[in-house]
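Please arrange chains F and Y on chain X, whose structure you already have, making use of the hints.
What follows is each chain in one-letter form.
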Amino acid sequence: MIKTEVIKLDTCGNCDIINITPYIENFIQNNGIREGLINISVKGSTGAVTSIEYEPNLIKDFKESMEILAPSDKKYQHAKTWNDDNGYSHVRASVVGFSESVPVTGGELILGTWQQVVVIDFDTAPRKREVALNGIYQQ
Amino acid sequence: MIKTEVIKLDTCGNCDIINITPYIENFIQNNGIREGLINISVKGSTGAVTSIEYEPNLIKDFKESMEILAPSDKKYQHAKTWNDDNGYSHVRASVVGFSESVPVTGGELILGTWQQVVVIDFDTAPRKREVALNGIYQQ
Amino acid sequence: MIKTEVIKLDTCGNCDIINITPYIENFIQNNGIREGLINISVKGSTGAVTSIEYEPNLIKDFKESMEILAPSDKKYQHAKTWNDDNGYSHVRASVVGFSESVPVTGGELILGTWQQVVVIDFDTAPRKREVALNGIYQQ
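Protein chains in written order, with our numbering: chain X, 1 to 139; chain F, 1 to 139; chain Y, 1 to 139.
It should be emphasised that the hints constitute simulated quantities derived from the structure, not laboratory data. Mixed in with the good hints, there may be bad ones.
[To be verified] With the C-beta cut set under 8 angstroms, the calculated list includes, among others, these residues of chain F facing chain Y:
id	residue
1	K43
2	Y54
3	P56
4	I59
5	K80
6	W114
Keep in mind that this is a model prediction, so the values were computed, not measured. Just so it is clear, CB atoms sit at the ideal spot from N, CA and C, and this is done for glycine as well.
Same shape as in the complex, but just chain X:
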């Protein structure tokens, strides 16, 4: 069976990191998924999907580290196209990537205890974000 559900998130931008593991667990339960693969992908070119140990200090570390990869005070050519300020948001999102997939077996996600699936909003202002959960599965 194949099922896609789009969830909507209100994000704060500026590297806001949202734990979406509970949404994935609901999706598994609501569809009676026993064996399969769940793909998580984010709409928009300044969002990303990855996993992290979701605790506040590490979230701070991640945000700080992004300043090394794509500093927010560097000059980006992208500003010339739209006169906007989110060149570094785009670069960070493209490097981290917009999708990940996790298997389900016996009705349970295969994730570590301290590993949460997260959506990162790298954009510079609050946004409505859409995240697609796709399951290919047996009940």
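Chains F and Y alone, transformed into the frame defined by chain X:
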């Protein structure tokens, strides 16, 4: 249903970024895909797959940012193995990753308006590249 | 058909990189997979999955490059939470990502000749690691 198609691209190397969204849309149309998941993966260890807003200034920003992550003027041990010059190409490709997956619902890819799926050729010279499109789907 | 198998690896930590391509090939052969998609994902928030040309000098280059992205001698807030020393391990793992997918056609993985699928253990000490192989396929 499961279908894999391999597309061939002529790339310029040096961080050449190719928008392959039209190829994915053709794949969906040609196979009558209504609901499913499309995986995009690139053959070769100096290629990568991600998404970006495909506009020329941001493409420049992305290339510049790669010089932070893996500078082209740094010394790489990989040169000792093959006497080649693409150590930084490999590092960049491994960080960005070689595959992404996007769901299809109602015959449409779930992507943002300004979000294109791209193949990046990080290698140092023009190449023939193969990119696999895999669909698991219902018609 | 859908099948998930969890393999166990003994890793050395500190950016240990393990070629798991032979495990994937065994999984394909043991299950008689002809056409399909194999997802590879690692349990734990300090592990990552990507591809690389698996040769010793490039492995050294990759480890060195990680010191740019998330230096091991920087101060990480994560230490305040658990009094541990692996803040940079987490950041690196989140950037590289925990899953990739590769198609199979005619019983063969679609990978480049010099492209191996690898699990990276970014943690700071030897660990037991679990890696999930998920196949959605036809025989």
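Here is what the structure says about each hint:
1. K43: holds (4 angstroms)
2. Y54: violated (21 angstroms)
3. P56: violated (26 angstroms)
4. I59: Since chain Y brings no Cβ nearer than about 21 angstroms to I59 (chain F), farther than 8 angstroms, the hint is violated.
5. K80: OK, holds: K80 (chain F) within 8 angstroms of chain Y, min 5 angstroms.
6. W114: violated (22 angstroms)
When held up to the earlier numbered hints, the structure conflicts with 2, 3, 4 and 6 and fits the remainder.
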